[in-house]
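Asker: Fit chain Y to the supplied structure of chain X, relying on the hints for placement.
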Amino acid sequence: MIRALHRWPGLLAAALLIVLTLSGAALSVFPAAERLTAPQAETGLSVATLAARIQTAYPGVEQIRRSPPGQITAYWFLDGTPGAAVIDPATGAGVGSADPNQVERWLTNLHRSLFLGYGGRIAMALGAAAMLILSVSGSVLVARRAGGWRRWFAPLRGPLSGRLHVEIARVAVLGLALSSMTALWMSASTFDLLPITSSAPAFPNDVSGETGISITSIELLGQTPVAELRELNFPYPGDASDVFTLKTDQGTGYLDQGTGAALGWTDLTGWENVSETIYMLHTGQGAAFLGILLGLMALGVPVLGVTGVLVWLAGRRSRPRIPGNLPAAKAETILLVGSEGGSTWGFAATLHQALRAAGQTVHVGPMSDFDLAHHAKAQRFVILAATYGDGDAPETAKGFLDRLKALGTAPAAPIAVLGFGDRSYPEYCGYAQRVAEMAKTRGWNMLLPFDTIDRQSPQDFARWGRLLGQALGINLELVHQPIVPPTEMLTLVSRRDYGAEMQAPTAILRFALPRLTFWQKLTGHGFARFEAGDLLGIVPEGSAIPRLYSMASDRRDGFVEIVVKRQPSGLCSAQLTQLAPGDTAKGFIRRNPGFKPGKGRAPLILIGAGTGIGPLAGFIRGNKGHRPIHLFFGMRHPQNDFLYGQDLSDWQTKGRLTRLDTAVSRAANPSYVQDTLRAEGTEVARLIRDGARIMVCGGRGMAAGVTEALADILKPMDLTPQALRAEGRYVEDVY
Amino acid sequence: MKSLLATLALTTALTLPGLAMARPVTLTTTMNNYGGDGAYLALYVTDAAGAYAGSLWMAGGKSKYYEHLSEWYRATAGDTAQINGITGASVGAGRTLEITLDLADALFDAGYTLHIDAAVEDMRDSPNEVAVPLTTGGAGTPITGRRYIADFTYDM
Chain X
1 MIRALHRWPG
11 LLAAALLIVL
21 TLSGAALSVF
31 PAAERLTAPQ
41 AETGLSVATL
51 AARIQTAYPG
61 VEQIRRSPPG
71 QITAYWFLDG
81 TPGAAVIDPA
91 TGAGVGSADP
101 NQVERWLTNL
111 HRSLFLGYGG
121 RIAMALGAAA
131 MLILSVSGSV
141 LVARRAGGWR
151 RWFAPLRGPL
161 SGRLHVEIAR
171 VAVLGLALSS
181 MTALWMSAST
191 FDLLPITSSA
201 PAFPNDVSGE
211 TGISITSIEL
221 LGQTPVAELR
231 ELNFPYPGDA
241 SDVFTLKTDQ
251 GTGYLDQGTG
261 AALGWTDLTG
271 WENVSETIYM
281 LHTGQGAAFL
291 GILLGLMALG
301 VPVLGVTGVL
311 VWLAGRRSRP
321 RIPGNLPAAK
331 AETILLVGSE
341 GGSTWGFAAT
351 LHQALRAAGQ
361 TVHVGPMSDF
371 DLAHHAKAQR
381 FVILAATYGD
391 GDAPETAKGF
401 LDRLKALGTA
411 PAAPIAVLGF
421 GDRSYPEYCG
431 YAQRVAEMAK
441 TRGWNMLLPF
451 DTIDRQSPQD
461 FARWGRLLGQ
471 ALGINLELVH
481 QPIVPPTEML
491 TLVSRRDYGA
501 EMQAPTAILR
511 FALPRLTFWQ
521 KLTGHGFARF
531 EAGDLLGIVP
541 EGSAIPRLYS
551 MASDRRDGFV
561 EIVVKRQPSG
571 LCSAQLTQLA
581 PGDTAKGFIR
591 RNPGFKPGKG
601 RAPLILIGAG
611 TGIGPLAGFI
621 RGNKGHRPIH
631 LFFGMRHPQN
641 DFLYGQDLSD
651 WQTKGRLTRL
661 DTAVSRAANP
671 SYVQDTLRAE
681 GTEVARLIRD
691 GARIMVCGGR
701 GMAAGVTEAL
711 ADILKPMDLT
721 PQALRAEGRY
731 VEDVY
Chain Y
1001 MKSLLATLAL
1011 TTALTLPGLA
1021 MARPVTLTTT
1031 MNNYGGDGAY
1041 LALYVTDAAG
1051 AYAGSLWMAG
1061 GKSKYYEHLS
1071 EWYRATAGDT
1081 AQINGITGAS
1091 VGAGRTLEIT
1101 LDLADALFDA
1111 GYTLHIDAAV
1121 EDMRDSPNEV
1131 AVPLTTGGAG
1141 TPITGRRYIA
1151 DFTYDM
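Protein sequences appear in the order of chains X and Y. Residue numbering for the first sequence follows the working numbering, beginning at 1 and increasing consecutively. Residue numbering for the second sequence follows the working numbering, beginning at 1001 and increasing consecutively.
Bound-form chain Y, shown alone:
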């Protein structure tokens, strides 16, 4: 159900040719022990020109805190319609968030970048915690985040 909705959200945003041309992708985000409460994470994609293309996942349910995910918030103006049905709980220190989504083939090797903004209560905001180009070659390679994310991997 989650992956279906996720696809719908993204397809609406990107007007992809069709669902048939999608494949399941697993996004694994492991937090380091940053010593704070659960982190809010926004996972979203920008196109080759750097323009916002769509959201993949929002970890954290209170919309009043979304402004701390500043790049995502700037791109969407905090529009919660962007994350309808693809919102989950915040991710605690040392925990792992694993989500599987049906992502369109067209997103890969076409200059799209996957971003993660992170924020923790009473700690720094970390926009662009992760910014990784979506390529078939890059799949399975762990990336280290700037402040909160120990490593991030996408697997196909």
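The following block holds chain X by itself, in its conformation from the complex:
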């Protein structure tokens, strides 16, 4: 609901809002410029003195105005010719043209009405309303995504456009909400929807009939400081019944032109005061700094518009059509999807197609549509669920847990729950796990044990598919083809081989950087921008499913490097480990923002085993700022698979690596990396106290062992790996 309230006003009003905010941002500069350039009155200068100075310089003066930024303008007639000038209050003489700035006028008209008159004003008012709705709904979405209002500024992960969208929005939203609310007030005032009446007092009937008082003898003008002046109107020449009209920040009054007596005064009404404050907050007239600030925030809107549309397009593209989807009541197998960005739908479509091909009757729908009454023929339920934020329900699963809780008795048809997530997040598959646990406590029979898919791995999915097939007594081969980004031809330039003696051939493969198109350079797409820790997708010959490898190099290193171990029946690893220099492979970059050392001087504890050294070596190679890095590396035998052995000692000499501790598993005294970690427990604890960040890369078994060892090391400090994970100080890249 909230999402729809954000999506549709955003898409409909995007272009309008870009015009509104760009013109608004440009306009915000003028009050500040005026404040800086306008000659300011000396403190304590009275209106009487100012008026007298101006009258000396321009005897036919009719009107003196002071703008909120403090610029004073005088209007006069001399020999029947009108004149006007910006006045230096120190002398009363003109110092500049009083003609309106044509650029400002053009921008103002664009901003308030698109040059379309009344209809244009209505359109812009609707634009402001859309911006207010977007600010409110967007704030709710940001809070939900971050896991609460208190975590408003929590670090973000995910695709660049979505991150940029939230990053800008959470800073700019206050300004945008303020600007849109004040805009709506001003529109309402323009359309006469507000009961604002002028507070000018009734024009006096009883004037003295005399004329020609010296302006300096008028008491009220002598008492009024210029800083409070808005407008002083002189009596019309030759009209003895006319008066001086004085407008100040307090109100409006009339003064006799013969005696100088005050003939009536009214203060500004409450409505007028509110209206003027709102005018100031919107235009920055009288609050130039705020104006500039609001203008800067408004500049975020064009970026928000573009990234918002990109996020929406990405979501739409990734949600496939599902041909032959049966109605909920007719299917025996019910697939329920909880998807946030849309990628889980792709997996559901693959599963649906495979089950249909195996002769099953299948319905696919969102988890939020779950209702036992609608699934009359159901023989089994399969839940495919992603996680949103801190273990929350993804968009299409809203309300599912509540419905599950309200269930009296679990249905006889068993259930299987599959979670989709990213292991580098603290709440990996947290939502799916909660669903599985809730189903279990409700006494629902499990068709399969709870399982997870890391980072949309097609291999994980195929493995789970075989288990599902066994449970159903059918042969189920799930070939999921995630949408593969455009690939580039990568040419191998060198390879270093290890581990051949131990029947575990491993190679460090270095590819040349592919040539970049101008567009890629401009936008930073593809190989134009990558860092160690990002992923290289390789699409092997004879398969459409890419394999992902952690990258051991940065764009600035000038090459693309990965570490590959040949898997017993691995198609891709076999092809890669057989490449000779000059051979090519097809690859693409996938960003992995969750696994980065980040900026700062805090020490790094890098822990890896086997090919897991890849990205860690990349971090060390890039550590030219000599940030303290402590590497724990596990291998089988130093003679055979000490990956990057020579480089590591070079880097240590150059100060890029502070300390190296190795574990050797095939030695007289075998040890694993977690054992070395325990042995160095005191040092590790000290580094963590100093704010160290821990990064683990390698096999799943090793990662679990490391977590256990860390838990023991952290215990005396009243810390847990989970707590560090939540702070983003403990991240993993495991496979």
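Since the hints were made in silico from the structure, they are not lab data. As the structure is a prediction and not an experimental result, all values here were calculated from the model. Be aware that a few hints might be false.
Keeping only pairs whose Cα atoms sit at most 30 Å apart, straight-line, the calculated BS3-like set for lysine-lysine is [what the hints assert, rightly or not]:
| no. | chain 1 | residue 1 | chain 2 | residue 2 |
| --- | --- | --- | --- | --- |
| 1 | X | Lys596 | X | Lys565 |
| 2 | X | Lys247 | Y | Lys1062 |
| 3 | X | Lys521 | Y | Lys1064 |
| 4 | X | Lys654 | X | Lys565 |
| 5 | X | Lys624 | X | Lys521 |
| 6 | X | Lys624 | X | Lys596 |
Answerer: Only chain Y this time, still in chain X's reference frame:
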């Protein structure tokens, strides 16, 4: 329709003897290129004693700006009932406003004066931009305004 309402507004104000004694008069106001947004114009009549007699036309729809037409505003206390049905759009720089009204014969050669107050956003207020006696002889003679009006003519 406009001219009928205009007549009604003026007759109410002036209590003229009857509609039969009226004639169509065309008021043509041409603005100079003053370099600002659309001008607000108030066209109204005062009697021989200088007292407000009635309004003929208001160019500009937002009543919150009427106080800048200061002589008209002073005479009417900003009473929008004075211009009910005889209000149109503001007049841009270089543009011409042409209105035809049925004006009572009694208004001519009897000391009545036609005034125009003008105001432009962010520019000076110009009360009495034009003040021209209504005479049959003066018809067709262009008058120059003080600041914004290039020329003003009334034709019978």
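Asker: Going straight from one Cα to the other, do Lys596 of chain X and Lys565 of chain X come out at no more than 30 Å?
Answerer: Status holds; Cα separation ~23 Å.
Asker: Given the proposed pairing of Lys247 of chain X with Lys1062 of chain Y, does the C-alpha separation stay at or below 30 Å?
Answerer: holds, 21 Å
Asker: Is Lys624 of chain X within 30 Å of Lys596 of chain X, Cα to Cα?
Answerer: Given that 30 Å is the threshold and the Cα spacing comes to 16 Å, the pair holds.
Asker: Is it true that the CA of Lys624 of chain X sits at most 30 Å from the CA of Lys521 of chain X?
Answerer: Holds - the C-alpha atoms of Lys521 of chain X and Lys624 of chain X are around 25 Å apart, at most 30 Å.
Asker: Next pair to validate is Lys654 of chain X with Lys565 of chain X; report whether the Cα-Cα distance is within 30 Å.
Answerer: holds, 29 Å
Asker: Are the Cα positions of Lys521 of chain X and Lys1064 of chain Y separated by 30 Å at most?
Answerer: Roughly 54 Å separates the two Cα atoms, so the pair is violated.
In summary, the structure is inconsistent with hint 3 from the numbered list given earlier, while agreeing with all the others.
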